[in-house]
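Put together the whole structure using the sequences plus the hints.
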Amino acid sequence: MTGKSESRVRTGARASSVGVALLVASCFGVEVAQAQAIMRTPTISVPSRTPTVSPNINPRVSPNIAARAVSVGRGPRTMATIPTTPRIRPTTPVLPHARYSPNLYPACTAAHRGADGECLAQPNAGGEGTGKSGKKSAGKGRGNNAPVAATSRSFAGEFVAEIDGALSTAEADELARRHGLTRLASENFPLIGATFGLFRIADGRPYETVRREFAADGSVRSLQPNFRYVLQDQKSSAATEGDPAQYALAKLRLPQAHTLAHGANVTIAVIDSGIDARHPELANSVADNFDALGSAEGPHVHGTGIAGAIAAHARLMGSAPEARIIAIRAFGGANGGAESSSYIILRSLNYAAEHGAQIVNMSFAGPKDAVIERAIAATAARGLVLIAAAGNAGAKSPPLYPAANPNVIAVSATDRQDRLFAASNRGNYIAVAAPGVDIFLPAPDGKYQVTSGTSFSAAYVSGVAALLLERNHTLKPEALRMTLVKTARDLGSPGRDDLFGDGQADAFAAVMAVPADSATPVAAASGTTKREDAPKRRDEPGIRAIEQPSLSSAEDKSAVSQADRPAAR
Numbered sequence: 000m001t002g003k004s005e006s007r008v009r010t011g012a013r014a015s016s017v018g019v020a021l022l023v024a025s026c027f028g029v030e031v032a033q034a035q036a037i038m039r040t041p042t043i044s045v046p047s048r049t050p051t052v053s054p055n056i057n058p059r060v061s062p063n064i065a066a067r068a069v070s071v072g073r074g075p076r077t078m079a080t081i082p083t084t085p086r087i088r089p090t091t092p093v094l095p096h097a098r099y100s101p102n103l104y105p106a107c108t109a110a111h112r113g114a115d116g117e118c119l120a121q122p123n124a125g126g127e128g129t130g131k132s133g134k135k136s137a138g139k140g141r142g143n144n145a146p147v148a149a150t151s152r153s154f155a156g157e158f159v160a161e162i163d164g165a166l167s168t169a170e171a172d173e174l175a176r177r178h179g180l181t182r183l184a185s186e187n188f189p190l191i192g193a194t195f196g197l198f199r200i201a202d203g204r205p206y207e208t209v210r211r212e213f214a215a216d217g218s219v220r221s222l223q224p225n226f227r228y229v230l231q232d233q234k235s236s237a238a239t240e241g242d243p244a245q246y247a248l249a250k251l252r253l254p255q256a257h258t259l260a261h262g263a264n265v266t267i268a269v270i271d272s273g274i275d276a277r278h279p280e281l282a283n284s285v286a287d288n289f290d291a292l293g294s295a296e297g298p299h300v301h302g303t304g305i306a307g308a309i310a311a312h313a314r315l316m317g318s319a320p321e322a323r324i325i326a327i328r329a330f331g332g333a334n335g336g337a338e339s340s341s342y343i344i345l346r347s348l349n350y351a352a353e354h355g356a357q358i359v360n361m362s363f364a365g366p367k368d369a370v371i372e373r374a375i376a377a378t379a380a381r382g383l384v385l386i387a388a389a390g391n392a393g394a395k396s397p398p399l400y401p402a403a404n405p406n407v408i409a410v411s412a413t414d415r416q417d418r419l420f421a422a423s424n425r426g427n428y429i430a431v432a433a434p435g436v437d438i439f440l441p442a443p444d445g446k447y448q449v450t451s452g453t454s455f456s457a458a459y460v461s462g463v464a465a466l467l468l469e470r471n472h473t474l475k476p477e478a479l480r481m482t483l484v485k486t487a488r489d490l491g492s493p494g495r496d497d498l499f500g501d502g503q504a505d506a507f508a509a510v511m512a513v514p515a516d517s518a519t520p521v522a523a524a525s526g527t528t529k530r531e532d533a534p535k536r537r538d539e540p541g542i543r544a545i546e547q548p549s550l551s552s553a554e555d556k557s558a559v560s561q562a563d564r565p566a567a568r
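Residue numbers (numbering that gives the first Met the number 0): 0 to 568.
Quick caveat, the hints were computed from the structure, so don't treat them as lab data.
Heads up, a few of these hints could be off.
Ranges between beta-carbon positions, derived for each pair [claimed, not checked]:
(1) THR208 - GLU170: 20 to 26 Å
(2) ASP163 - ALA394: 40 to 46 Å
(3) LYS395 - GLY192: 34 to 40 Å
(4) GLY382 - ALA214: 29 to 35 Å
Just so it is clear, the structure is predicted and the values come from calculations on it, not from any experiment.
Even glycine gets a Cβ: it sits at the ideal position worked out from N, Cα and C.
Structure follows, in structure tokens:
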């Protein structure tokens, strides 16, 4: 019995050992399967942030925006390491140009965004320029009470103040000293019938304290920061020699339009950086110069390119090759010509209005600015056509100014395939679009450049406006705007949208819609029929009958039925 009992015990022990082994193996197998399931490289679908662009675009012009690289989290960290499974890391491409430059309005990653584009960590409870930045100040102390707007969107410690026009220079200086300020400049601006001064804090007191005290002075009519404006272009590639094809000409149908008008006897004020008036493309185009900065800087790549988009007439062709340019330098300084201010922009608009400009090209952007809004309203009231770049801050940007001002024709940018420039601003204030990607333009010192930005789209449209004014100098700003939008070639979704406005500008259709000898703009009168004297004029010597313009595609909404009738959308 003892032997049998021992046998049963040994048999039971073996069975228990086998059961335990199977249980351990089973548990081990389950644990390995779970680890593989957790650590298997997940299938993550992340939509690309890189816009669809033409394969013909030179890689030197990057469609990417600063700090927009997509980062992917590594998932659960419960199983920290598995020797046989390599860790997958997202890669960030190395770009030749990592950001649009200059551009103070990048994509906002903070919780809130101010009405003027400032990226905020919390809602803006104060007035204009008083929101707190998403970044905390590293320093502490007396001088750190100034809002971020005074150091990023405006010039630190500076005010633009409307002051009593009866004050003498000595009295204006005394006003400044009473409030711990230095008067940098002041002058009367006939454009808006007011005297403005530029003041800077001299005693180191907090910005807000000085602002409140200065605004309460009886000699101060209004007060605001000296806002910062930036040119709206992408960082240009290295200037290159040569004469590459300009696709923008065909897109805008400029060769056809130039059979009828070249912008002769029309003056365009270009408020920008320095222009190389000695460039062969701009020979005899610059009729007047004004340096609102009072500087001695040389020509700059942006201003020269803008002037070239309008008036180039050698190896390249601008949209209005015979237009006269008033070169107004408003951008310059340590940042390569990229910045200006409220006071300088005011001086520039005043000069343009006082010296015979008919069109003002503003290829820059900034926040909503009470002084500049007032100056633009006064400029428009004088009958000047105002055209501005929509901005290069992208889809999430709030409206930028002056483009968003209702008196201004805002222009967004398109590429060779008629797609929206990735960095172009959107909004219901966009009037029309024009080519602005990989644009071939003159550069200082007789060179050429390839560059992108809504700046150059606006310049092309300023030239088209000059063609219309050559055809009819009595054309009013609103009638000119209506001519541009009614003859534009629809892009994107059918009808008007926030990307292209009413579509891509069509210079030929627009010029055809404006009769050369009529005092009443056709585009301003809805339902206008063919003029009674049209057949007679076509039979007169020297009057060439104009064929109907051909439509560039079946999807075009614009059509011109007769040479002297407006385009119908």
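Here's how the hints hold up against the structure:
Take THR208 and GLU170: their Cβ atoms lie about 23 Å apart, and the range 20 to 26 Å holds. For ASP163 and ALA394, the Cβ-Cβ distance of about 45 Å falls inside the hinted range of 40 to 46 Å, so the restraint holds. Between LYS395 and GLY192 the beta carbons are some 38 Å apart, a value that agrees with the proposed interval 34 to 40 Å. At about 34 Å, the CB distance of GLY382 to ALA214 agrees with the hint of 29 to 35 Å.
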